[in-house]
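Participant: The chain contents come next:
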Amino acid sequence: MTATPILTTERLCLRAPHAADTDAILAFLGSDRADFYGGPMDLGTAWHKFSAYVGQWTLAGYGLFAVTLKDTNETIGLAGPHHPAHFPEPEMSWLIADARFEGHGYATEACRAVLDHYLTGQGWASLVSYIDRANHPSRALAQRLGATKEETGSVPIPNCDAYRHTAMGSPARLKQK
Amino acid sequence: MTTTLPHIPTLETRRLILRGPRMGDVETWADFFRSERSQYVRGDDTSLRTSWRGFAHMAGMWMLRGYGTFVFALKDSPDQPLGMTGPWHPMDWPEKELGWTVWTAEAEGKGYAHEAATEARRYAYQDLGWQTAVSYIDPANDRSIALAERMGCVLDPAAEQPDFDGKKVLVYRHPAPEVLG
Chain G
1 MTATPILTTE RLCLRAPHAA DTDAILAFLG SDRADFYGGP MDLGTAWHKF SAYVGQWTLA
61 GYGLFAVTLK DTNETIGLAG PHHPAHFPEP EMSWLIADAR FEGHGYATEA CRAVLDHYLT
121 GQGWASLVSY IDRANHPSRA LAQRLGATKE ETGSVPIPNC DAYRHTAMGS PARLKQK
Chain L
1 MTTTLPHIPT LETRRLILRG PRMGDVETWA DFFRSERSQY VRGDDTSLRT SWRGFAHMAG
61 MWMLRGYGTF VFALKDSPDQ PLGMTGPWHP MDWPEKELGW TVWTAEAEGK GYAHEAATEA
121 RRYAYQDLGW QTAVSYIDPA NDRSIALAER MGCVLDPAAE QPDFDGKKVL VYRHPAPEVL
181 G
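Protein sequences, first through last, are from chains G and L.
Position one of the first sequence corresponds to residue 1 (my numbering), numbered consecutively onward.
Position one of the second sequence corresponds to residue 1 (my numbering), numbered consecutively onward.
No lab work stands behind these hints, which were simulated from the structure alone.
Yeah, the Cβ is synthetic: ideal placement off N, Cα and C, and Gly gets one too.
Among the clues, some could well be false.
[Unchecked claim] Quick list of the computed label-pair ranges, beta carbon to beta carbon:
#1 H136/G <-> Y40/L: 41 to 47 Å
#2 Q80/L <-> G61/G: 20 to 26 Å
#3 M23/L <-> A140/G: 31 to 37 Å
#4 L74/L <-> G44/G: 32 to 38 Å
#5 T4/L <-> L69/G: 19 to 25 Å
#6 T8/G <-> D76/L: 40 to 46 Å
#7 E108/L <-> E89/G: 34 to 40 Å
#8 G44/G <-> P139/L: 20 to 26 Å
#9 Y40/L <-> G44/G: 51 to 57 Å
#10 E108/L <-> G44/G: 25 to 31 Å
#11 S35/L <-> G44/G: 40 to 46 Å
#12 E151/G <-> Q39/L: 53 to 59 Å
#13 H114/L <-> I6/G: 40 to 46 Å
#14 A140/G <-> K110/L: 43 to 49 Å
[To be verified] To give an idea of the interface, some chain L residues facing chain G are shown, with a C-beta separation under 7 Å as derived from the structure:
#15 V41
#16 T50
#17 W52
[What the hints assert, rightly or not] To list a few chain L residues with every Cβ distance to chain G over 12 Å, as calculated:
#18 D25
#19 S51
#20 G109
#21 T118
#22 L128
#23 R143
#24 V154
#25 P162
#26 V169
#27 R173
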């Protein structure tokens, strides 16, 4: 049995994804909102992609958490280290599944919890985020989280820049200072 | 706080173990995926990006459906994968499948796939309670057709096909659980 962490914040609960998250994530991947995630895609492709996100937990012991609202138990997105075999390191990734959950600071709250868990709690040295140059909201979020743009090094996804999160820049560490 | 991922059982046959997919299997899988030997079970893209996603999908089906594909290996070398077989049902497929692949040429011709797939079918029928199962096979895949026939499968031309980018496959239907006893 593989134990996986549950992270809680003021408004959110983050846990390994399971079948109950399928509808929310497949609806996202089938929509225009999935533009920066290879979408919109058909049902079979979306299932394949979501299943691979979930399967990474089994294979690696870490992955994208399902982000759920504590109050309603609704699945509102994913956040966590995505690590397909062609990436040189785990990538801190996130998505908010539906527009009605945007603009509440949920992505920031979820990402801070994940970064604190791995960088401060688990002692990972850093996490990278590959962000499409046209994805301005994600870039703004990375910067809000304290990530800095890498000026050198290769990026395994076309049209993306790498942003580096470190414990030094993470919210928990800043609070301790 | 923690929660546990669904348990993947381990099955045994005379020579083999059938176990859940592991990170250590990815290299052998990716080598198979890049080779001609996988031509009947993939599209043209053989990149690591695509083979990884296929492998992680296998692992993820266990989490999402509660069943999935086993990796099989010799009992005395459980970390050296020979292939995979097991219950398989992507969301957009019309019905449940029993699939198999043998990953290296050295593992072929020894009856391993037959031994593993027969146990996987027993698991699907007896442990999961499946009432029927099909295997989708490329019409040019002679070895898989021979295995399906050896397992007692018969062509079911009326069965609905999944969408393999317009490519037609043969649908072999497995004998019903009550026939196998």
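Participant: Indicate, hint by hint, whether the structure satisfies it.
Facilitator: Taking the hints in turn, this is what the structure says about them:
1. H136/G <-> Y40/L: 41 to 47 Å: holds, 44 Å
2. Q80/L <-> G61/G: 20 to 26 Å: holds, 22 Å
3. M23/L <-> A140/G: 31 to 37 Å: holds, 34 Å
4. L74/L <-> G44/G: 32 to 38 Å: holds, 34 Å
5. T4/L <-> L69/G: 19 to 25 Å: Since the Cβ atoms of T4/L and L69/G sit about 23 Å apart, the hinted range of 19 to 25 Å holds.
6. T8/G <-> D76/L: 40 to 46 Å: The hint (40 to 46 Å, Cβ to Cβ) holds, given that T8/G and D76/L are roughly 45 Å apart.
7. E108/L <-> E89/G: 34 to 40 Å: Given about 36 Å between the Cβ atoms, the range holds.
8. G44/G <-> P139/L: 20 to 26 Å: holds, 21 Å
9. Y40/L <-> G44/G: 51 to 57 Å: 18 Å Cβ-Cβ, so the 51 to 57 Å window is violated.
10. E108/L <-> G44/G: 25 to 31 Å: holds, 29 Å
11. S35/L <-> G44/G: 40 to 46 Å: violated, 24 Å
12. E151/G <-> Q39/L: 53 to 59 Å: violated, 42 Å
13. H114/L <-> I6/G: 40 to 46 Å: holds, 43 Å
14. A140/G <-> K110/L: 43 to 49 Å: Hint violated: Cβ distance 57 Å, outside 43 to 49 Å.
15. V41: It is violated, given that the least Cβ distance between V41/L and chain G is near 14 Å, above 7 Å.
16. T50: T50/L check fails; min Cβ-Cβ to chain G is 9 Å, beyond 7 Å.
17. W52: holds, 4 Å
18. D25: violated, 9 Å
19. S51: Since the minimum Cβ distance to chain G is about 8 Å, S51/L lies within 12 Å and the statement is violated.
20. G109: holds, 29 Å
21. T118: The claim holds: T118/L sits with its nearest Cβ about 25 Å from chain G, beyond 12 Å.
22. L128: holds, 15 Å
23. R143: holds, 25 Å
24. V154: Given a closest Cβ separation of 27 Å, the condition holds.
25. P162: violated, 8 Å
26. V169: At about 15 Å from chain G, V169/L clears the 12 Å cut-off, so the statement holds.
27. R173: Correct as stated: the minimum Cβ-Cβ distance to chain G is 22 Å, above 12 Å.
Violation of the numbered hints given earlier is confined to hints 9, 11, 12, 14, 15, 16, 18, 19 and 25; the remaining hints are satisfied by the structure.
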